[in-house]
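A.B. asks: These protein sequences, in sequence, are chains H and Z.
Okay, so the first sequence: first residue is 11 according to our numbering, each after it adds one.
Okay, so the second sequence: first residue is 738 according to our numbering, each after it adds one.
Do not take every clue at face value.
[Said to hold, decoys possible] Quick list of in silico lysine-lysine cross-link-like pairs, DSSO-like style, CA-CA up to 27 Å:
| hint | chain 1 | residue 1 | chain 2 | residue 2 |
| --- | --- | --- | --- | --- |
| 1 | H | K20 | H | K136 |
| 2 | Z | K856 | H | K38 |
| 3 | H | K108 | H | K20 |
| 4 | H | K221 | Z | K817 |
| 5 | H | K20 | H | K129 |
| 6 | H | K221 | H | K80 |
| 7 | H | K136 | H | K108 |
| 8 | H | K80 | H | K136 |
| 9 | Z | K856 | H | K20 |
Keep in mind that the hints were calculated from the coordinates and are not lab data.
It should be emphasised that the depicted structure is a prediction, and the values quoted were computed from it without experimental measurement.
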Amino acid sequence: MSDAHGHGDKPFLAHHFEDEDHQFDAGKLGIWAFLVTEVLFFSGLFCAYAIYRSMHPDVFQFAANALDTKWGAINTAVLILSSLTAAWAVRNAQLGQKGLLCLNLFVTILCAFGFMGIKYQEYSHKFHYGIYPGKDNFAPMEGAFGDYKAEKVAFVVPGDDSTQDGEAAASGGAGEEAHAGDDHAAGDEGHEVLVKWDDPNIDPILKDKLKIFFGIYYCMTGLHGIHVLLGILVFMWLLSRAMRGHFTPTYYGPIDYAALYWHLVDLIWIYLFPLLYLIN
Amino acid sequence: MTTTTASAEAPGAHDDHGSHHVLPLWLLLGTWAALMALTLLTVGSSQFDLGAFDLPIAMGIATVKAMLVLMIFMHLGFDKGFHSLLIFGSLLFVFLFVSFVLIDRGQYQPSITAMDQQKLMQGN
Numbered sequence: 011m012s013d014a015h016g017h018g019d020k021p022f023l024a025h026h027f028e029d030e031d032h033q034f035d036a037g038k039l040g041i042w043a044f045l046v047t048e049v050l051f052f053s054g055l056f057c058a059y060a061i062y063r064s065m066h067p068d069v070f071q072f073a074a075n076a077l078d079t080k081w082g083a084i085n086t087a088v089l090i091l092s093s094l095t096a097a098w099a100v101r102n103a104q105l106g107q108k109g110l111l112c113l114n115l116f117v118t119i120l121c122a123f124g125f126m127g128i129k130y131q132e133y134s135h136k137f138h139y140g141i142y143p144g145k146d147n148f149a150p151m152e153g154a155f156g157d158y159k160a161e162k163v164a165f166v167v168p169g170d171d172s173t174q175d176g177e178a179a180a181s182g183g184a185g186e187e188a189h190a191g192d193d194h195a196a197g198d199e200g201h202e203v204l205v206k207w208d209d210p211n212i213d214p215i216l217k218d219k220l221k222i223f224f225g226i227y228y229c230m231t232g233l234h235g236i237h238v239l240l241g242i243l244v245f246m247w248l249l250s251r252a253m254r255g256h257f258t259p260t261y262y263g264p265i266d267y268a269a270l271y272w273h274l275v276d277l278i279w280i281y282l283f284p285l286l287y288l289i290n
Numbered sequence: 738m739t740t741t742t743a744s745a746e747a748p749g750a751h752d753d754h755g756s757h758h759v760l761p762l763w764l765l766l767g768t769w770a771a772l773m774a775l776t777l778l779t780v781g782s783s784q785f786d787l788g789a790f791d792l793p794i795a796m797g798i799a800t801v802k803a804m805l806v807l808m809i810f811m812h813l814g815f816d817k818g819f820h821s822l823l824i825f826g827s828l829l830f831v832f833l834f835v836s837f838v839l840i841d842r843g844q845y846q847p848s849i850t851a852m853d854q855q856k857l858m859q860g861n
C-alpha cells in the first residue's frame, strides 16, 4: 500500500474503503467466512473419527492407551493460556497499549512453540514404539500401550457366520489357535471374533481397520499442528508490526483477525483432547 | 460514524454496532479460569468409568468450553448477529454431515463387510 493510495494520515487504510470502520468490518466478515471453511475442513476428519469409533469402540478404547493424558492436558492448558493472551492482545490493541500488546503477542508465540514442542515429544515417543503415520508402517512394540502388552491384547470384533468362515480361510494354524481361545459360543446371536493385535495371520481387511485409530490420530493432530505452525508465522508478523507501532485503537484489524483464527485452533483442540486422549 | 469521530473519541466509548467492544480484563481472566477448571473437570471425570455417559459428558464439557471461547474470546456475544449465524450455521452443517454419514454407514456396512469377506474367500 503506497501513500498515494492511502488516506493521508491513515497509512493502512486501503483506498477502496470509505473509512477504518468500513475496512475493519469487511476484514471481520472475511475472517469469519474463512473460519467457516476451516470448521467444514476439519469436519471431514471428525466424521471419519465418528464412523470408525462407532465401528470399533474397543479399538479406540485400547489404542488410546498409547496417548498420555498428562501431556494432552498440559497442551490443552498451554493452548488455553495462548488463547487468553491472544484475546488480551486484542484488548491491548483497542486501548493502544503498545508494550502490553507486544508482550501478549510474544507469550502467544511462546505458548504455540511450547505446544509444538510437546507435540514433538509425543510423536517421537510413538515413533520410538513403532507407531508411525501411514498404514504400512505400523508395528507397535511392547510398551507402546503403557501397561498393556501388545501380544496379550486381543479385540473382540463383531462378525457373522461369513466373517468366521473368512477368518478361518484366511488364517493358518496359528490363527485358528488364537480363535480357539474365543470364549463366545458359536451359537450366539451375533458372533464375535477374537483377534490379536499382532496376529500375523490376521485378516488383512480387519488389520487395516485396527490401524485406523492412529491414522485418524496423526491426521487430526497433524492438521491441527500445521494450523498452529501457521499461527506462529502470523503472530510473528504481527509482533514485528506491533513493535513498529503500526496498530492503533482505530486500526487493529489484523490483531483481531489473527486472534479469531487462533481461538478456532484452540476450539478444535478443545474437542480433539477428550476425543483422542480421554477414552476409557 | 465518520472517520473523524472514530479517531477523536476514546476507543470503545461508542458501542453502536459492537465492532469495537473492549472486553474488561476481569472477564478475560475469568473466562480463562473457567476454561482451566473445565479442563480439570473433564480430565477428572475421565478417571471414572461412567459407562455410556463417558462420551456425552466429555462432549458436553467440551461444548461448554467451546461456547465460552466463541462468545467471549471471539466476541460473538458482543458482535453482529450475522457472524454468529455464519459460524453456528457451519456447525449445523457439520452436524448434518456427520449424522447422514453415520446413518448411511448403519444401512450399508453389513453388506460391505459381507462383500469384503467374499473377496477374501476368493483369495484376493
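A.B. asks: Just to be careful, I want the Cα atoms of Z/K856 and H/K20 compared with a cutoff of 27 Å; is the pair within it?
C.D. replies: This hinted pair is violated, its Cα atoms lying about 69 Å apart.
A.B. asks: If you draw a straight line from the CA of H/K20 to the CA of H/K129, is it 27 Å or shorter?
C.D. replies: violated, 42 Å
A.B. asks: Taking only the CA atoms, is the gap from Z/K856 to H/K38 under or equal to 27 Å?
C.D. replies: The given pair, whose Cα atoms are some 53 Å apart, is violated under the 27 Å limit.
A.B. asks: What's the verdict on H/K108 and H/K20, does the C-alpha distance respect the 27 Å limit or exceed it?
C.D. replies: Holds: H/K108 and H/K20 sit about 18 Å apart, inside 27 Å.
A.B. asks: Does the alpha-carbon distance linking H/K221 and Z/K817 stay inside the 27 Å limit?
C.D. replies: The hint is violated at about 45 Å.
A.B. asks: With the threshold set at 27 Å, check whether the alpha-carbon distance from H/K136 to H/K108 stays at or below it.
C.D. replies: Given pair H/K136, H/K108 is violated - Cα atoms ~42 Å apart, limit 27 Å.
A.B. asks: Given the hint that H/K80 pairs with H/K136, does the C-alpha gap stay at or below 27 Å?
C.D. replies: The given pair, whose Cα atoms are some 15 Å apart, holds under the 27 Å limit.
A.B. asks: Given the proposed pairing of H/K221 with H/K80, does the C-alpha separation stay at or below 27 Å?
C.D. replies: holds, 23 Å
A.B. asks: Between H/K20 and H/K136, is the straight-line Cα distance small enough, at 27 Å or below?
C.D. replies: violated, 52 Å
Hint check: violations occur at hints 1, 2, 4, 5, 7, 9; the rest are consistent with the structure.
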